[in-house]
Amino acid sequence: MSAARDDILAKIRAANPGPAAEVAPGPIPARGRGGPAELRQRFYGGLDAAGVSHATVKARSEVGGEIERFLRELGAAGPVVASEDPMLDGCGLDRVAGLRRGVPDAGDAVSITGTVAGIAETGTLMVRSGPDIANALHFLTDTHVAVVDAGCIVGAYEDAFALLRAGGAPMPRNVTLITGPSRSSDIERILQIGVHGPRTLHVVVCDAGPAA
Amino acid sequence: MTETARERPTVGFFATCLVDLFRPSVGFAAARLIERAGYRVEVPRAQSCCGQPSYNSGDRKAARRGARRAVAAFHGFEHVVVPSGSCGAMFVRHFPDLLADDPEWAGKAAALAGRTYELVDFLARVAGWRPEAARPPSGSVTYHDSCSGLRELGIREQPRALLAAAGGPELREMEGSDICCGFGGTFCVKYPAISEAMADKKIDSIEATGADAVVGGDLGCLLHIEGRLSRRGSAVGARHVAEILDGGEG
Amino acid sequence: MQADSARFPENVAAARRDETLLGALHRLQRDARAGRAETVSKLPEFEALRDAARDIRNGALANLAGNLERFEENVVANGGEVHWCRDAAEACAAVARICREAGAKTVAKGKSMVSEEIRLNAALIDAGFDTVETDLGEYVLQLRDETPSHIVIPAIHLTKDQFAETFRGAHDTLPEDRPLEEARAITDEARGALRDVFLRADVGITGANFLIAETGSVAIVTNEGNGDLAQSLPRTHVVVTGIEKALGTVEEALTLIRVLARSATGQEISAYTTFATGAKRADDAAGPENFHVVLVDNGRGDLLAGPKREILRCIRCGACQTVCPVYGAVGGHAYGAVYAGPVGSVLTPALSGLEKSKHLPEASSFCGACEGVCPVRIPLPRLLRMWREDAFQAHLGPKVLRWGLFAWSTLTAWPWAYRTAGAIGGRMLRLMAMGRGRLTRLPFAGKWTGGRDLPVPEGGTFVGKWHRRRGK
Numbered sequence: 712m713s714a715a716r717d718d719i720l721a722k723i724r725a726a727n728p729g730p731a732a733e734v735a736p737g738p739i740p741a742r743g744r745g746g747p748a749e750l751r752q753r754f755y756g757g758l759d760a761a762g763v764s765h766a767t768v769k770a771r772s773e774v775g776g777e778i779e780r781f782l783r784e785l786g787a788a789g790p791v792v793a794s795e796d797p798m799l800d801g802c803g804l805d806r807v808a809g810l811r812r813g814v815p816d817a818g819d820a821v822s823i824t825g826t827v828a829g830i831a832e833t834g835t836l837m838v839r840s841g842p843d844i845a846n847a848l849h850f851l852t853d854t855h856v857a858v859v860d861a862g863c864i865v866g867a868y869e870d871a872f873a874l875l876r877a878g879g880a881p882m883p884r885n886v887t888l889i890t891g892p893s894r895s896s897d898i899e900r901i902l903q904i905g906v907h908g909p910r911t912l913h914v915v916v917c918d919a920g921p922a923a
Numbered sequence: 081m082t083e084t085a086r087e088r089p090t091v092g093f094f095a096t097c098l099v100d101l102f103r104p105s106v107g108f109a110a111a112r113l114i115e116r117a118g119y120r121v122e123v124p125r126a127q128s129c130c131g132q133p134s135y136n137s138g139d140r141k142a143a144r145r146g147a148r149r150a151v152a153a154f155h156g157f158e159h160v161v162v163p164s165g166s167c168g169a170m171f172v173r174h175f176p177d178l179l180a181d182d183p184e185w186a187g188k189a190a191a192l193a194g195r196t197y198e199l200v201d202f203l204a205r206v207a208g209w210r211p212e213a214a215r216p217p218s219g220s221v222t223y224h225d226s227c228s229g230l231r232e233l234g235i236r237e238q239p240r241a242l243l244a245a246a247g248g249p250e251l252r253e254m255e256g257s258d259i260c261c262g263f264g265g266t267f268c269v270k271y272p273a274i275s276e277a278m279a280d281k282k283i284d285s286i287e288a289t290g291a292d293a294v295v296g297g298d299l300g301c302l303l304h305i306e307g308r309l310s311r312r313g314s315a316v317g318a319r320h321v322a323e324i325l326d327g328g329e330g
Numbered sequence: 003m004q005a006d007s008a009r010f011p012e013n014v015a016a017a018r019r020d021e022t023l024l025g026a027l028h029r030l031q032r033d034a035r036a037g038r039a040e041t042v043s044k045l046p047e048f049e050a051l052r053d054a055a056r057d058i059r060n061g062a063l064a065n066l067a068g069n070l071e072r073f074e075e076n077v078v079a080n081g082g083e084v085h086w087c088r089d090a091a092e093a094c095a096a097v098a099r100i101c102r103e104a105g106a107k108t109v110a111k112g113k114s115m116v117s118e119e120i121r122l123n124a125a126l127i128d129a130g131f132d133t134v135e136t137d138l139g140e141y142v143l144q145l146r147d148e149t150p151s152h153i154v155i156p157a158i159h160l161t162k163d164q165f166a167e168t169f170r171g172a173h174d175t176l177p178e179d180r181p182l183e184e185a186r187a188i189t190d191e192a193r194g195a196l197r198d199v200f201l202r203a204d205v206g207i208t209g210a211n212f213l214i215a216e217t218g219s220v221a222i223v224t225n226e227g228n229g230d231l232a233q234s235l236p237r238t239h240v241v242v243t244g245i246e247k248a249l250g251t252v253e254e255a256l257t258l259i260r261v262l263a264r265s266a267t268g269q270e271i272s273a274y275t276t277f278a279t280g281a282k283r284a285d286d287a288a289g290p291e292n293f294h295v296v297l298v299d300n301g302r303g304d305l306l307a308g309p310k311r312e313i314l315r316c317i318r319c320g321a322c323q324t325v326c327p328v329y330g331a332v333g334g335h336a337y338g339a340v341y342a343g344p345v346g347s348v349l350t351p352a353l354s355g356l357e358k359s360k361h362l363p364e365a366s367s368f369c370g371a372c373e374g375v376c377p378v379r380i381p382l383p384r385l386l387r388m389w390r391e392d393a394f395q396a397h398l399g400p401k402v403l404r405w406g407l408f409a410w411s412t413l414t415a416w417p418w419a420y421r422t423a424g425a426i427g428g429r430m431l432r433l434m435a436m437g438r439g440r441l442t443r444l445p446f447a448g449k450w451t452g453g454r455d456l457p458v459p460e461g462g463t464f465v466g467k468w469h470r471r472r473g474k
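Protein chains in written order, with my numbering: chain A, 712 to 923; chain B, 81 to 330; chain C, 3 to 474.
Extracted from the complex, chain A is given alone in its bound form (with noise of 0.2 Å):
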């Protein structure tokens, strides 16, 4: 296509006569790996360490009355915005003022998202864009609800990746993990919480039974 490809891909190709080498991803972490009521205890465990409130419901029509508790007590004001992620359907949302579903702007206080699944490993969240989820809407507010369905807590990252991919599911533009909410040591190493994502990342499991 361009000269500086050719020449670029030429100069690897010389310092590579050998044939492709095999490569295997290293080993997954003991941690990463267990029963599902193990890999719960951790998934709560590792939200606590990365500084993520949590909660459990036991039925989806929960979920909106742990979300207005949870912001009410946050003493949260503004605008509230939520993806159109059908996770969040019937999850009574209705109940939290002032929400509206599909794509956040600036003046967005609060935003509630689905998750793909959430890793025990290390208390991570993974979530992902779409038709239905403006990737913006995980960094831009000062507050992410994130709702877990419990079934979808997974023990390690290749693990939500399977769950993200099955049946050869693409990848969608943006996928993250991500394990707690924003922070920087950039000044004098002292850690700050809601740098330029958010200062609040709470998660609500909803929990609707023994896991199978």
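If you are wondering where the hints come from, they were derived from the structure by calculation, not from laboratory data. No false leads were slipped in.
In silico lysine-lysine, DSS-like type, Cα no more than 25 Å apart, as pairs:
1. C:K401 / B:K141
2. B:K270 / C:K358
3. B:K270 / C:K449
4. C:K401 / B:K270
Reference listing, derived: stretches of chain B covered by chain C, where coverage requires no fewer than 3 residues with Cβ under 8 Å from a Cβ of chain C:
5. 127-134
6. 247-261
Every residue gets a Cβ at the ideal spot worked out from N, C-alpha and C, and that includes glycine.
Dock chains B and C against the given chain A, drawing on the hints supplied.
Showing chains B and C alone in chain A's frame:
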């Protein structure tokens, strides 16, 4: 026991140039320890410098000459013992690399590497020797882990085990015992300001323990630390671990 | 303002007088030691993961051409475009062209060491684009016209007062009575100012931690979230990265992610690890319409062909800087290069020539602490020694040292002569010391005795005494 000196396994002792030229007493202390551990010590006259100054200054040719000389001088010994992790690592890690493409010497260098040990590693691990807790403990020391011994030869627990078995002096661990003292061979004269800054950090850690002396396995580091301690007017001494384990006997 | 590698000794002297810098470096190294130890202790598989990470990076380099072609194919299939650039000039021109075609006024930049390497900011500002760094540390450095002094903590050399003072000077809308004493207030001030930049930016530029061939994805790892805003809000997302970052699969990246943050900051994982694949899809709710990946060679292909190719395994965690006692004594700016510390002392001679940067490979005690923490096990001291060999061959070192070494290696070739000379030298030192155990000054040895006494030899040589005493 009817074992005679003749039947004892023989150790070829590589003194290192700093012990040879600056602190012969460290060499004698080390040799006595090896003998006490049940070995006969031989000191080949053909030894001089392992070539590390050339090697680390980029003069590979001179380093190869030094390597060949050392390999020749110590060929045939069952064990070779070196009272320095830094020179020991030249034998164990770097000679095989330096002579890898030399058909005459590659095999000998590899064989020598497999038979060469740093002093305390040899005493603790190969000989399985432990000092007898002879006298009541007196004074206190802190142990500096010299970089080459620690990272290239895995020497960490060995000197501590031997010092503990000796029953004294008391070992007081310093903060960051594994941080470089700033000697680094020619580095210490090429960049004296950095080298002295590193020595000062090390000495701050040493002094914070309140120990009477810093002990280590590499005379280069020890002379460097000693020189800076002395310049700072500190009362803390610097001793080679062989001297402490030997108990200073004659 | 960029310090010069060639003036390393002068830079060192200046750094040693900067108490603020020395305090910051001391705290960094002390805390990072403890932090890394704690994080590593919680992951029993850490050493096995380092082995795997090394193997993955080696495999990625071995398969680099194929990985890059497959990556490009998948980027294009997802509506993006790949630009191949041989050097800094081509890369800057490519990014400027993209910005021009996007009709850009404002460019929001995420943190990228490659963009520092090719001096992208200057090029874009020259081309008329309002280009703003959005990483908190990089932003304050841009305002102060300084360069990063650490790969992951770019403004480690600054105090919070210097942050505050910089913002007071640069932010017109900042009321004089608003207090900026606390890190929180300073952070909020930057958050507010940069929020406007994100919202008005036409182009967002990020770096890349990994490129994934099988999906055409670009992975970036951040803590602040600026890289995510920069690639979500503007119409155009440009990735500027080195060619060596291409991996085969997502799973390979996940292994590397397990060692990256633990090595970089002592975190188990950074707050945000984001995979961007192509442009906004036709039915996506939002996202950048245009996606460009600018692949930069800038000497990497040459490194790949040479004996120092292992340095290309580097995943830019900065652990070798954080642990290095030389870095700890002088800070990043003394190196006078984009990449400071051990990794920089290997990379800089390749990027800007050995003659100009000849001090850097020499300024190491070869303590090996860097190799001890490197998540991909780069043998940094060995690579530094290779540069010293190149410098020796090219006669770049000081003559006096060269002659001294020649004399020493010649003398030691004759053990008897070496020992006789050593004994005579020792006797002279003893005479000069006049009965004291140490010398405080010694002609021709000022580099030692300037700051250290010289312990005086005991007298005689070990080998000589041994053979006399033992009668052999």
